[in-house]
Amino acid sequence: MSRLSKAPMGHQIARIDAKCRIDRSVPVTFTFDGRTYNGFAGDTLASALLANGVHLVGRSFKYHRPRGILSAGSEEPNALIRLGKGAGAEPNIRATQIEIFDGLYAESQNRTPSLKFDVGAINSVLGRFFPAGFYYKTFMWPASMWMRYEHVIRHAAGLGKVADDHTDPDRYEKTHAHCDILVAGGGAAGLMAALQAASGGARVILADEQNEFGGWLLGEANISIDEQPATSWIGKMTNQLAAMPNVKLLPRTTVFGYMDHNFLTLNERVTDHLSKRPAHLPRQRMWKVRAQQVIIAQGAHERPLVFAGNDIPGVMLAGAVRTYINRYGVCPGQRAIVMCNNDDAYKTAIDLHRAGARVLIADLRAQPTGPLFQAAHNVGIDILVGHAVIAAYGTHRVARVEIAPVNHNATAIIGEVIHRDCDLVAMSGGLSPAVHLHSQARGNLQWDEGKLCFRPSATHEPSFNIGACNGSFDLVAGLKEAVRAGTKAAAASGFKTASLTVPDVTTAKQNWRSAAAWKIPNGHLAGRGPKAFVDFQNDVTSNDITLAAREGYQSVEHLKRYTTTGMGTDQGKTSNINALAILADALGNEIPEIGTTTFRMPYTPSNIGAIAGRDIGALFDPVRLTRMDDWHRAAGAKFEHVGQWMRAWYYPEESETMHDAVNREVRAARTSAGLLDASTLGKIDIQGSDAAEFLNRVYTNAWNKLGIGKCRYGLMLKDDGMIMDDGVTTRLGENHFHMTTTTGGAAGVLDWMEEWLQTEWPDLEVYLTSVTEQWSVATLSGPNAAKILEEAGIDIDLSSANFPFMSMKHAHIGGLPARIFRISFTGELSYEINVAARHGLALWTHLMKAGAAHGITPYGTEAMHVLRAEKGFIIVGQETDGSVTPHDLGMDWIISKTKPDFIGKRALSRESMGYSDRKHLIGLLCSDPKTVIPEGAHAVIDPDQPLPMDMLGQVTSSYFSPNCGRSIAMAMLKGGRALMGQTVYFPMLDGTVLDAKVVNPIFYDPKGARIDG
Amino acid sequence: MANSFESKPVFSGETALSNQSASKSNNPSGGAVGLIFHEMQHLGKLNIRGDHSLKAAIKAATGCHFPPLANHFETAGERRIVWLGPDEYLLLCESGKEKALHDTLTNTIKRSHFAITDVSDSLCALSLSGAAVRDVLAKGCSLDLLPAKFGAGKCAQSLLAHAGITLMALPDDTFILICRTSFAPYVHDWLVDAALEYGYQFTV
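From first to last, the protein sequence lines are chains U and H. Using my numbering, the letters of the first sequence correspond one by one to residues 1 to 1013. Using my numbering, the letters of the second sequence correspond one by one to residues 1014 to 1217.
Simulated from the structure, these hints should not be mistaken for laboratory data. Just so you know, not all the hints are guaranteed correct.
To be verified - Taking lysine to aspartate or glutamate pairs in the EDC-like style, the calculated list, with each CA pair at most 20 Å apart, reads: (1) Lys-288/U <-> Asp-1148/H; (2) Lys-451/U <-> Glu-416/U; (3) Lys-809/U <-> Asp-1131/H; (4) Lys-288/U <-> Asp-1157/H; (5) Lys-1068/H <-> Asp-474/U.
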């Protein structure tokens, strides 16, 4: 390594001249850990680092061991990088999937202070004392200290750091898409299946996580298709698909989730690979795809072999080494050891040899045969059959191995150990089909004893597995499956296709069976000797797994959680099969009996930003505004959110505090006139010959005899007898009513009533229509209300004789047609004036002008709350909480004794409803009239009683009332009505105790004398 | 054609988006903007509840065949009857004609179990067109908008991001999108944002 670190900048010492997929005419400069390097367009960060001779790229999770690049794909467990700077920085990105661009800035992770010298590496020396379950065993006592322990452990263990500035500056989007056939994976089989499926006109989406289609074929040198290099065939297929209007190609797109009903989620990295990112494009886009049929062509992952020191930088997967040579023009080592239990790694040995490396093969099999074996032998590669690398050594890069002859299944060393110097170990433990999407969709798996892997069996969704992810590693077999699946999937979507011809493939014949060799012996006793890693990302060794088995962990799910095998950002793509094979061996079981852990989405980590998309900031949730909103804003109102609505809260003048403003508004409504924007109240138009009967059933009181043009207050209960909503309903005609609901309850009440009509009372002739937004409502309240209406120009007689309290008239105000309801939530003379919403703002400004001479005062929701509390009027959701009955509120008068039924009637007759210790609504007067008891304060009878005290109940509403000249409050107290006249106490958080007298909750004008002005 | 609704409003007063000024952004890839939209101000809207027995009265008053098939709408001149549910429909009509139509229908329907309700001010209708209109809508709406699946004459109630909408497909890649008026500013802002990569034009 010292030789390499002195190499001049831009000297790509491992680059070879072979034809490959990088563009040598486009040099790219990037920074890794503060040093500048050169690569080429088409490189990944991993291939460019390897080209520069950099193998050490990270430190491991627990032991802080030096780690290198293991793979060339999305299964990478080690080479996790923090990408970018500042707010846009992102941790734990796989170097094998990062396309480099000019100016790319990357850092290694989990090291202090530097990658080459990391103080945390002491954990590796002490590793014998950190076995599986170490944290659980050690930090159990005392339990109260766990939070403190955890803080330190979290810092020492773990991977990358998120950006310091938590506001992600990038734009993300999401979109919906529909197709007949989604093909997940664009390797040879995926391309073939997509073309077959699309040939009859079906809508096809083909997604692949890589920057170009072709999958593993891009990394092969010795396969020709139709007498052309494989990459020519890939190019031809891709061009053909791109030209079809019914095909959508999505490169750089990971199918990361497979849900029920063929709903799949895809993450497209739209501009991540660009040096200059256009502002109009999202960085990433999440696709939510609904597909008729799914063809899964995810490919396979090569398994590492589990031998001592298999995690040292320079120990790589054999297939990955081949990909770096053939796809990226990088030869990762000059003195290579290839270790394998199968034929496939021989291709790597041959390609390494061709690239100029000295190669030795250690084949675990005693008698390998076949064309690849012969080819390797013919070019002069040394082959040791029945041999294993039993240990690798090296600090920041592998430097030396020990090789020894082993018995069948490699359970024992059976001869002399050979030492060899090297700078690369290419290992292959066989292929594991990527059954992730199939399994996410609850498809079944079966164990293939010959190929030593799980492969898909029955599917649960309309889907097909083809190619390597189906265990069909042979190219021609995969292409045949692709044609079959494409034809069937198109047919199932209603499209006829003629079967395409599978192209001629020329390549060395290969046996796809692997020899079982799960845990390579190293001559040491169990638990001793150098570590052999199963799960690289989580630092789980083969000894951790056998220890867990000894400690009684038999279920693979328990093993996963105890040892953390298969967790983390890679979810054990390279480790799971090795782990459960070693567990099976330790338990004396067969692998299929052990089974796999559950496969869950996401296939690879997906950005939360892409899942949020544009549902951020102002688009996070709609804000609903009334038609009078512009006026309130111009008047400097403060606002509060009520559900999705934004309502004027109070209107401060100049330097007024909220307290001052609310007091002024409350006084004005009682001394002259106040104007409230009540447009947000829910309004439901009820029509039909059974409308009155319907109201009888949904409200507790009687509605038959309500006269036309008359209004009535109603309480609505849930079927459990508890108050759900309230409001005033008016009879507009014999079969026509106008109901109002609370602002927040409107949608729920409409749904509730519609459900009763459709499911329980379909015989009732009633229709409901929401008219909340059809009408804008201004409520004019106060002794001068009628005068102001007259001055505003009204065409009806407002005398109480002609227009009494609780009635409705059609009228014109300043020429605007209106429905005027004489109802009151303040106890004052009050008119709720409804006009078509288009006239809402005109009405408001007209009334403000007409009332100016009388000091008309706009008031907000806070003053409204004080005004109604002065009168003891409840607010549903403030005094009530879903556990309050009309009786609890002292409102027995509103419950009809004569109606045969209404919703909640039966529940109210339960014995418990009459218990004397139910909470009752009462009023409170604090002994200090200036003190406003905090809402939510809990009442006790005796403030000196020992803890925990007996709680009586809580304050629900509490205000300073300028009209009463003192504070007032309402509360729900156990047996409250029996406490009338007594003093109750409120112990405060600061140790003080407030006291208040229990009184009737009507504080102002208890006789209701002001209602007529 | 959506254009047939472009006659000037005959009723004064505010609409959901009358405060929204005209705006546009260029197509970053060059060429025509991908989304063109405007509010169909004061379009008359009546909510109709009832069953097949209303057929004759509605045909006589509006000229529209009734009832439309599920998830379809019927057109007669400038009037459209939109299927919302098995017993719920929305009548769209010329600005200012809603009251007369309401009265005609109420007076000619010869049975008790129906409801006609003026919702002209309750709902906001937008006309949307442009080469990217489907791509823009797909960002917030899970319906399959392929012309072969959701072509002229089709309608559906769905969501556009967080707003409930009724979407109607017209010929020539034009859509009518109806939402509650209080959601209209959100829908406007959402469309402008979603059209970033295509460019848009909002006209008044």
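Quick rundown of the hints versus the structure:
no., hint, result
1, Lys-288/U <-> Asp-1148/H, "holds, 13 Å"
2, Lys-451/U <-> Glu-416/U, "violated, 30 Å"
3, Lys-809/U <-> Asp-1131/H, "holds, 19 Å"
4, Lys-288/U <-> Asp-1157/H, "holds, 12 Å"
5, Lys-1068/H <-> Asp-474/U, "violated, 65 Å"
Violated hints, listed in ascending order, are 2 and 5; each of the other numbered hints is respected by the structure.
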